[in-house]
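Here is how the chains run, residue by residue.
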Amino acid sequence: MSGWWARQRYLLDYASASLWRRKGRNLVLWAIFAALVFILGSVILFGSAIRREAALVLRDAPDVVAQAMRMGRHDMALASDIAKLKSVRGADRIEGRLWGYLYDTSTDANYTLQTPSAHAPDLALQKGEAIVGEGVARLRKLSEGKHLFLVSPAGRLLKAKVKKVLSPESALVSSDLVLVSAEDFRAFFELAPDQFTDIAMRVRNPSEVGTVSGKGALALPHYRFITRANMARTYEALFSWREGLLLAIATGAILAFAILAFDKASGLSAQERREIGILKAIGWETSDIIRMKLWEAGLISVSAFVAGMTLAYLHVFAMSAPLIETVLKGWSTLYPRFALTPHVDALQVTTLAFLTLLPYIAAVLAPIWRTASADPDRVMR
Amino acid sequence: MILHPPILALTLAALVSAGALVAASAFAVRLLGRWNLASGAQSQIDLEKRTYLVAVALRFAMAVEIAALVLFVFNADRMSAMFVGAMCAVGALNASVYGFPALFAKIALFFGASLWLAADIVDARGRDYPLTRWKYGLLIALAPLALAEAGLTIAYFLDLKADTLTSCCGKLFTSDRPTIASEMAGLDPRMALGMLYGGFGVVLAGAALARRSARARPLYGVVSLAFFAVALAAVVSAISLYVYEHPHHHCPFCLLKREYSYFGFLLYAPLFAGAALGASAGALGLVRTPASLAHAMPAILRRMVVLSALGFAGFVLVATWAIARSGLILTG
Amino acid sequence: MTRVRAIERGSSAVFVLAAALAGGAALAIAHGVWRGGDTTRFEATRALAEGAGLTDLALFTEARYARHPAMADLHSAFQDGPLSFEHFPSGALVAPARDFPAAGLRNGGAR
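Those protein sequences? They're chains L, P and V, same order as listed. So the first sequence is numbered by my numbering: it starts at 1 and just counts up by one. So the second sequence is numbered by my numbering: it starts at 1001 and just counts up by one. So the third sequence is numbered by my numbering: it starts at 2001 and just counts up by one.
Please keep in mind that the hints were generated in silico from the structure rather than gathered at the bench. Glycine is no exception: its CB is placed at the ideal position from the N, C-alpha and C atoms. Hints may contain errors.
Output of the computed footprint for chain P on chain L, the stretches with three or more beta carbons under 8 Å from beta carbons of chain P [claimed, not checked]:
| hint | region |
| --- | --- |
| 1 | 141 to 155 |
| 2 | 284 to 290 |
Derived contacts from chain P toward chain L, CB cut-off under 7 Å, selection only [to be verified]:
| hint | residue |
| --- | --- |
| 3 | Pro1006 |
| 4 | Ala1009 |
| 5 | Ala1013 |
| 6 | Val1016 |
| 7 | Gly1019 |
| 8 | Lys1049 |
| 9 | Tyr1052 |
| 10 | Leu1053 |
| 11 | Ile1066 |
| 12 | Leu1069 |
| 13 | Leu1071 |
| 14 | Phe1074 |
| 15 | Arg1078 |
| 16 | Ala1081 |
The following block holds chain L by itself, in its conformation from the complex (with noise of 0.2 Å):
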């Protein structure tokens, strides 16, 4: 074993001299693949990361959600419904919910106003007053005991006094919230007492969940009922399709990279030719040089792997993904500042590995052989 080591450190030896020789090439293919894996490796952190924060964040939400539908449409549910489905067995804690969107004026931003909970005593809220998100009170500069101004589409106006802000950690769920109380959503989007946006279960047995809902749909049979399972592959497929996507559009760079490796490593300078030539000649065999070429690759795809793969974490983790927030904040002016928990998911890593170290090594390894079997004789006249 130890023969072996000393052999594979001698080659390093040379490989390491021989990249050193050819440093500015190296560099640029180094500098390429770092940067390649840094791109595609932020994505799918941030993908990760977000999708594990929205699956902790969403464990509470309601079990499941009932609302009604008119010609493919979104309909108001009706106080008469959620009588109807409190005789359903096993459903418990049954609540119209109040929410809707508005779109201010202002500050030319899309709130969330909604109506908190019965059942919530620390965000019960009176007649009059406000509880608002980060990204609200950013936007209105705002903070406890300040008066929020709210005009509805049809002209009202509402005017609450802020409770509380609501703390700048949970803003990746909140940050547009408004949460006021039900006689005043009622009272400024005009509806009806006996209307809800759409119906909140809680279900006893959470195993019951599908049997509930499916009950549920028996005795309303124009409601769409949304179970939190439902909810959670939402968001479990929330960016990992479009991650997907992305990956296949990047096949096309790590294509190109892979032809500017195979290109690199195929078009031998006179000096490369002499120098294989003169280790042929001294005794090397074929396959030392071609394990001497695998630790040249091997050296520049995997350290540009690792380097990538840690400035994508910084990027993601420690900087907040900036260049990622550009791209995911559209045309919303209201863009929540959260800094996400780290995730590292090891199948993600592996998955970018297959995809970026395997093209590579697949375009390098027939140059390679090319270099290692030419004849010493051929190259040295």
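For chain L, the structure is supplied; the task is to place chains P and V on it using the hints.
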């Protein structure tokens, strides 16, 4: 098709390695027809030169295959969240008829690839590459398997649909249907553990024998494959129970989950390594030792036998640790 | 060249660089384990999500089907006009809820 990064990676790996194997076996056909080391003809020199490329490409492809097996199982476990009723890799693999065949093809290819790699390493030690014909014959036999594996993998991924209703491991490993899985689960844990430890004794004895005598090596190969089967049965019928601390949870795939701190990888890695090394040593033991390898080949085979026994020992040790640490008491 | 000379052998230089890279990566992983295991940060948010009955992340506020993808149906993106093309950038990032209609679409496998 679910456009998921690991799926893209696995598809790429399947295509690359199957492509390499098929191209290499086309070369192997050419080589088998014309290989003649004594000849100095240009065609023979070209063949010799090309064997270097083929060997290095195949080593790469086989390494990719082995890594892909791990990624495949890991990914199946993770994807289970997308299917209704799936709790672990079993559900994700069951979501399509191609799931389990793809896994089995991957495992078969894993053993074939290990044998080929072992033959390649042995062969490279001889001045005249004495195993070349044998090795390339094996390669031609492996190529259809590689194609089938790539085909099944891709068919599996194409066939997958999110939100498919699938069955969970609880269904597969219950004894009300007479399948191999349920037979394994129905085994009395005490007997399974007895077979495991008894089998390990046989493995150790076989390894000691195979270290000394060349003739015992094929036998050791058979013993390692048998022990591999016994070990899997023990995992299903007993060891998994101890890990989950649950008297009826028989799944060999849930072990790979994060909840059990990826214990399965720790358990299966030495087992697969031991079985692959043992079986390869056994198969190579069937080959008559060529003159140029009179010293090198027995030495390598001996080392493979020792490493294989060490792998099995690692597996038994990890399993014993899991049993000792567990809060579940099955056998009084 | 000077750096390679300063260290006796090329492989030693490689080992030093490899150690530096591995150290950086190990620091990142250690940071991830240390900070990532801390789920107390989520407690307040979870309580809020429960109390207000929140179902979605406030990542994209520009369109309702992007703000509440779990509550949106497949047609939400087109309800402003049946022939209108998706025109919010975030619509390219959020996949619609595939659980709707409950029976699934014919090509419901695409995620």
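**Message:** Quick check on the hint: arginine 1078 of chain P CB to chain L CB, less than 7 Å?
**Reply:** With a closest approach of 6 Å, the arginine 1078 of chain P hint holds.
**Message:** Just to be careful: measuring from the Cβ of valine 1016 of chain P to every Cβ in chain L, is the smallest value less than 7 Å?
**Reply:** holds, 6 Å
**Request:** Tell me if chain P covers the region 284 to 290 of chain L under the three-residue, 8 Å CB rule, please?
**Result:** Three-residue rule met by the region 284 to 290 of chain L, so holds; n is 3.
**Residue hint phenylalanine 1074 of chain P, partner chain L, criterion CB-CB below 7 Å** = It holds, given that the least Cβ distance between phenylalanine 1074 of chain P and chain L is near 5 Å, below 7 Å.
**Asked** Given leucine 1053 of chain P was flagged as interface, is its beta-carbon under 7 Å from a beta-carbon of chain L?
**Response** For leucine 1053 of chain P, the interface hint holds, since the closest Cβ of chain L sits about 4 Å away, which is under 7 Å.
**When the least beta-carbon distance from lysine 1049 of chain P to chain L is tested against 7 Å, hint result** = Since the shortest Cβ distance to chain L is 5 Å, the answer is holds.
**Asked** Given isoleucine 1066 of chain P as an interface hint, is the shortest Cβ-Cβ distance to chain L below 7 Å?
**Response** violated, 12 Å
**Prompt:** Can the hint on tyrosine 1052 of chain P be confirmed by a CB-to-CB distance to chain L that is less than 7 Å?
**Reply:** holds, 5 Å
**Request:** Could you check if proline 1006 of chain P really has its C-beta closer than 7 Å to a C-beta on chain L?
**Result:** It holds, given that the least Cβ distance between proline 1006 of chain P and chain L is near 5 Å, below 7 Å.
**Request:** With a C-beta cutoff of 8 Å, work out whether three or more residues of the region 141 to 155 of chain L approach chain P closely enough for the coverage to hold.
**Result:** Result for this restraint: violated, n = 0.
**Item:** Restraint check, 7 Å cut-off on beta carbons, for leucine 1069 of chain P near chain L
**Value:** Where the cut-off is 7 Å and the nearest Cβ of chain L is about 12 Å from leucine 1069 of chain P, the hint is violated.
**Message:** Would the hint on alanine 1009 of chain P be counted as holding, given a Cβ-Cβ threshold of 7 Å to chain L?
**Reply:** Where the cut-off is 7 Å and the nearest Cβ of chain L is about 4 Å from alanine 1009 of chain P, the hint holds.
In summary, the numbered hints that this structure violates are 1, 7, 11 and 12.
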